[in-house]
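Chains as they are written, first to last, in the working numbering: chain P, 1 to 77; chain L, 78 to 332.
Warning: the hint list may mix true and false statements.
Unchecked claim - Straight-line distance between alpha carbons at most 35 Å, and here's what the computed DSBU-like set of lysine-lysine pairs gives:
(1) P:Lys61 x L:Lys165
(2) L:Lys195 x L:Lys287
(3) L:Lys81 x L:Lys195
(4) L:Lys213 x P:Lys15
(5) L:Lys218 x L:Lys81
(6) P:Lys61 x L:Lys213
(7) P:Lys27 x L:Lys218
(8) P:Lys9 x L:Lys123
(9) L:Lys181 x L:Lys218
(10) P:Lys9 x L:Lys287
(11) L:Lys165 x L:Lys213
(12) L:Lys213 x P:Lys75
(13) P:Lys27 x P:Lys63
(14) P:Lys49 x L:Lys213
(15) P:Lys15 x P:Lys27
(16) P:Lys15 x L:Lys165
(17) P:Lys63 x P:Lys75
(18) P:Lys15 x L:Lys218
What the hints assert, rightly or not - Here's a subset of chain L near chain P, in silico, CB distances under 8 Å, partners left out:
(19) Lys181
(20) Asp190
(21) Val216
In case anyone wonders, no lab produced these hints; they're calculated from the structure. Cβ coordinates follow ideal geometry from the N, Cα and C atoms, glycine included.
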Amino acid sequence: MNVFEELKKIIVEIKDIPEDEIQLEAKFAEDLEADSLDIVEMLMLLEEKFDIQIPEEEAAKLKTVKNVVDYVEAKLQ
Amino acid sequence: MSAKVALVTGSSRGIGRAIALQLAREGYRVVVNYYDNPQESPEIIKENQEQARQVLQEIEAAGSTGIMVGADVSDPAMARELVEAAIKEYGQIDVLVNNAGINKDQLILRINDEEWDKLINTNLSSAFYCCRAALKQMVRKRYGRIINISSVVGLSGNAGQAHYSASKAGLLGLTFSIAREYGARGITANVIAPGYIQSDMTAGFSPELKEKMLSTIAVGRLGTPEDIAGVVAFLASDAAAYITAQVIKVDGGLS
Numbered sequence: 001m002n003v004f005e006e007l008k009k010i011i012v013e014i015k016d017i018p019e020d021e022i023q024l025e026a027k028f029a030e031d032l033e034a035d036s037l038d039i040v041e042m043l044m045l046l047e048e049k050f051d052i053q054i055p056e057e058e059a060a061k062l063k064t065v066k067n068v069v070d071y072v073e074a075k076l077q
Numbered sequence: 078m079s080a081k082v083a084l085v086t087g088s089s090r091g092i093g094r095a096i097a098l099q100l101a102r103e104g105y106r107v108v109v110n111y112y113d114n115p116q117e118s119p120e121i122i123k124e125n126q127e128q129a130r131q132v133l134q135e136i137e138a139a140g141s142t143g144i145m146v147g148a149d150v151s152d153p154a155m156a157r158e159l160v161e162a163a164i165k166e167y168g169q170i171d172v173l174v175n176n177a178g179i180n181k182d183q184l185i186l187r188i189n190d191e192e193w194d195k196l197i198n199t200n201l202s203s204a205f206y207c208c209r210a211a212l213k214q215m216v217r218k219r220y221g222r223i224i225n226i227s228s229v230v231g232l233s234g235n236a237g238q239a240h241y242s243a244s245k246a247g248l249l250g251l252t253f254s255i256a257r258e259y260g261a262r263g264i265t266a267n268v269i270a271p272g273y274i275q276s277d278m279t280a281g282f283s284p285e286l287k288e289k290m291l292s293t294i295a296v297g298r299l300g301t302p303e304d305i306a307g308v309v310a311f312l313a314s315d316a317a318a319y320i321t322a323q324v325i326k327v328d329g330g331l332s
């Protein structure tokens, strides 16, 4: 599964924004206007999709789309 | 569209049973939860199962369907498994009613640590565990109704019920926080605070105490489990979509 593609689908589901606006460099809070609950929901869906656990202290460091893609890809290695 | 699904904790008897039956009559598919714990005596569990089975039969007689799931909701793992069992069966939980509760009157000076913990875990932590598990799915669906059964003594306190009152007051903070965190996700959360209701919990009261209680109730009678169930059904209905973070006292005008 392509992590970036899956993450985009999840963000579209939560934020209802066009998929092509979701760039790797995008910051969740500033660029995607995601609040803390949006981010928690995104992480929850990622955990389910990829069958991984994202601990709170790690989650707090995930500020951009790229942060999340890198983190999930590393987890899947 | 398939019927909505309601999970009612502690619904093998008393107020929980009346709530389960009322929701069934209104077309909900109902998950009946009864108290089960490997550490409990088999006779008690067997009786609970039998009562839950009867509730299930009444649900079917009312033209709906349901399942029964044994769980001690004061245990985080069992509470999670209960919610998961409901979702596995029906794919969703639309309405969660946290009703399971116990009481053991005792003056504070005589409440030991174990009793305190037991009341708080059974009446308050249980609701947190079930809400946390159910919210996961409700957030995804952008729909949910959470109704927590507190008590008027959660608002006023009561001699001999410090632990019970504290646990029931705690439900208010939990419920209001859920309402604020998840309101934008189509989820409402409210509290019902029953007054004196005819149930196993009040059956043991002395005639003198009952007499004294009645003199404080405007409508001049104890409440029935059905009095509570009707309000639960209302809060679960579309008519109550704009009601959240509220406490509704259902106490017959208790002074």
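task = Have a go at the L:Asp190 hint: is there a Cβ in chain P nearer than 8 Å to its own Cβ?
result = violated, 30 Å
message = Holds or violated: the hint that L:Val216 contacts chain P, with Cβ atoms closer than 8 Å.
response = holds, 6 Å
request  = With a cut-off of 35 Å on the C-alpha distance, tell me whether P:Lys9 and L:Lys123 pass.
outcome  = violated, 48 Å
key: Holds or violated: P:Lys27 to P:Lys63, with C-alpha atoms at most 35 Å apart   = holds, 6 Å
inquiry  = Checking one constraint from the list: CA of L:Lys213 to CA of P:Lys75, max 35 Å. Satisfied?
reply    = holds, 23 Å
key: Proposed proximity, L:Lys213 with P:Lys49 (alpha carbon, max 35 Å)   = holds, 14 Å
key: Pair hint outcome, L:Lys165 versus L:Lys213 [Cα-Cα no greater than 35 Å]   = Holds, because 14 Å separates the two Cα atoms, which is no more than 35 Å.
query = If you draw a straight line from the CA of P:Lys9 to the CA of L:Lys287, is it 35 Å or shorter?
reply = It is violated: about 60 Å lies between the C-alpha atoms, which goes past 35 Å.
task = Measure nothing beyond the straight line between the CA atoms of P:Lys61 and L:Lys213; if it is 35 Å or shorter, mark the hint as holding.
result = holds, 22 Å
Straight-line alpha-carbon gap P:Lys15 to L:Lys165, limit 35 Å = Cα-Cα ~27 Å, so holds.
query = Between P:Lys63 and P:Lys75, is the straight-line Cα distance small enough, at 35 Å or below?
reply = Satisfied, since the Cα-Cα distance of roughly 17 Å is no more than 35 Å.
key: Restraint check for L:Lys218 with L:Lys81, where alpha carbons must lie at most 35 Å apart   = holds, 12 Å
Hints 8, 9, 10, 19 and 20 from the list above are not met by this structure, while the remaining hints are.
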